[in-house]
Amino acid sequence: MGAMAFRELTPVTFLERAAAVFGDRPAVVDGELQYSYRAFWERAQRMAGMLAANGVRPGDRVAVLAPNTHVLLEAHYGVPLAGAVLVALNTRLAAAEVSYIVAHSGARLIIVDSEYRPLLEQALESTDTEPAVIDSGEYEAAVDAAPPHRVAVTDERSLLSINYTSGTTGRPKGVMYHHRGAYLQAMAMAYHAKLDTSSRYLWTLPMFHTNGWCFPWAVTAAGGVHHCLRAISAEAMWQAIRHDGVTHFCAAPTVLTMLANDDAATAPEQPVRVFTGGAPPWPALLERMAELGIDIRHLYGLTETFGPAVVCEWQPEWDSLPAGQRARITARQGIGNIAAEPVRVVDSTGKDVPADGSTSGELLLRGNNVMLGYYRDEEATAAATFEGWFRTGDLGVRHPDGYVELRDRIKDVIISGGENIASVEVENALTEHPAVLEAGVVGARHPKWGEVPVAFVALRSGATAGERELIDFVRGRIAPFKAPHRVHFDELPKTSTGKLQKNVLRERVEEPGYGPPEA
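No gaps in the numbering here: position 353 of the sequence shown is 353 in full-length UniProt numbering, and each next residue is one more.
Bear in mind the hints are in silico, worked out from the structure with no lab data behind them.
Cut-off 20 Å, straight-line C-alpha distance, at most; resulting in silico cross-link-like pairs (EDC-like, lysine to aspartate or glutamate): (1) Lys494 with Glu97; (2) Lys411 with Glu507; (3) Lys448 with Glu510; (4) Lys411 with Asp347; (5) Lys411 with Glu425; (6) Lys411 with Glu451; (7) Lys194 with Asp319; (8) Lys351 with Glu362; (9) Lys448 with Glu511; (10) Lys494 with Glu510; (11) Lys194 with Asp244; (12) Lys194 with Asp295; (13) Lys194 with Glu269; (14) Lys411 with Glu362; (15) Lys194 with Glu313; (16) Lys351 with Glu341; (17) Lys351 with Glu387; (18) Lys499 with Glu425; (19) Lys494 with Glu507; (20) Lys499 with Glu97; (21) Lys411 with Glu510.
Just so we're clear, the structure is a prediction, and the values are computed from it rather than from any experiment.
Starting from the given sequences, assemble the full structure and let the hints guide the process.
Structure representation (structure tokens):
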């Protein structure tokens, strides 16, 4: 009897299956453009044919510079169908950063949205590489004219995409994703988000950010509808929720803050499930979203882990808890998702810390959803590895129930007079004040204490609060030595995914007038 044949795991097969079993169901909505799963599969194959006709060969890198449109969504299938490697470019990068990534990845061809053509042209002026360029204005005709094409995946651990980190501490690093990891991570996201054919997923999280946490493949696996959203605004999001029946989306806490504090914020008629990550959500924000009837699930992960590796899975016994206590529990990062191994928290010697909810250590991750390594950077890959585990660089604790809670980035811990202060704890205290919309806390140099906390705060529209008022407010909630020594009222700098840029704040406190008054 002959052996059974098994196919290598690749997320592309989700679309192949969807075309067969959900063929006439709606797949993609992008403004006036709408099409079914059968059409989606046909378009993806023709995109692969278009790439092959333009000289793209298996293993070549194909970059895409576009917002959340059907073009970038289709590239998550068309590029691997051509046997190529997807490099989704952050649309908010400077020309020099785009230039570096194009050169470092060795992109052979770039698909660019017309709006970002000037940015790409400026970027290409400063690089010696000469990739082919296809404008989104040419894209439809080129895809329609191309024959269907498909290159088989013969190794599920082969390179699927390269996702570049934000580069806040130097040059961006290219994180290498493999087909197997993307397939399993997409399955995990579909499972934890409870996606099915009734799901309508709104694209608020940029697809260029860790391949949209693998939701381009997860939504397709479930047969849900992709609602593309070119630009984020509270108005557009509430419109999609109320009039398009959106049931799911992913967003950073800052985006949720914008949504929750919009004048149009009211509870939707249908259940809405939201995944949030990128920074620990404030318990006060989770309470507000609960008031709106929106079900928040907190996730934690990094570019190196295909997005969310840890999920704060809801436990039924939490239903009876008071709202404030529920919010504090669900603000924790949680447990490893179904594609990951249980999270480890280790001390400086590599020994696991006790699960007491107070002893902190570095979070280590391992599983199918961990990168192959950094592209063309063996030194950085080695530095991020400890006995086969990925070093996150994040500090956290493990609670007795097995859930982990992030305390801070190792580099964000403020050491004041020999005591460690978690900036997240100070930020949580500040955002409990009714006038505070969001807060960022960093350490500033001090001649006596070494470092002290300095806060940057954005107030709610129409609200007022003074510096001394907020300092005293924090002192009433946590240890007084953890309270900020200075509070600045300013708009907070963020990345394209809504993550607070503490590196910018650290630079700012070095400027005259921003440091602590005693310094």
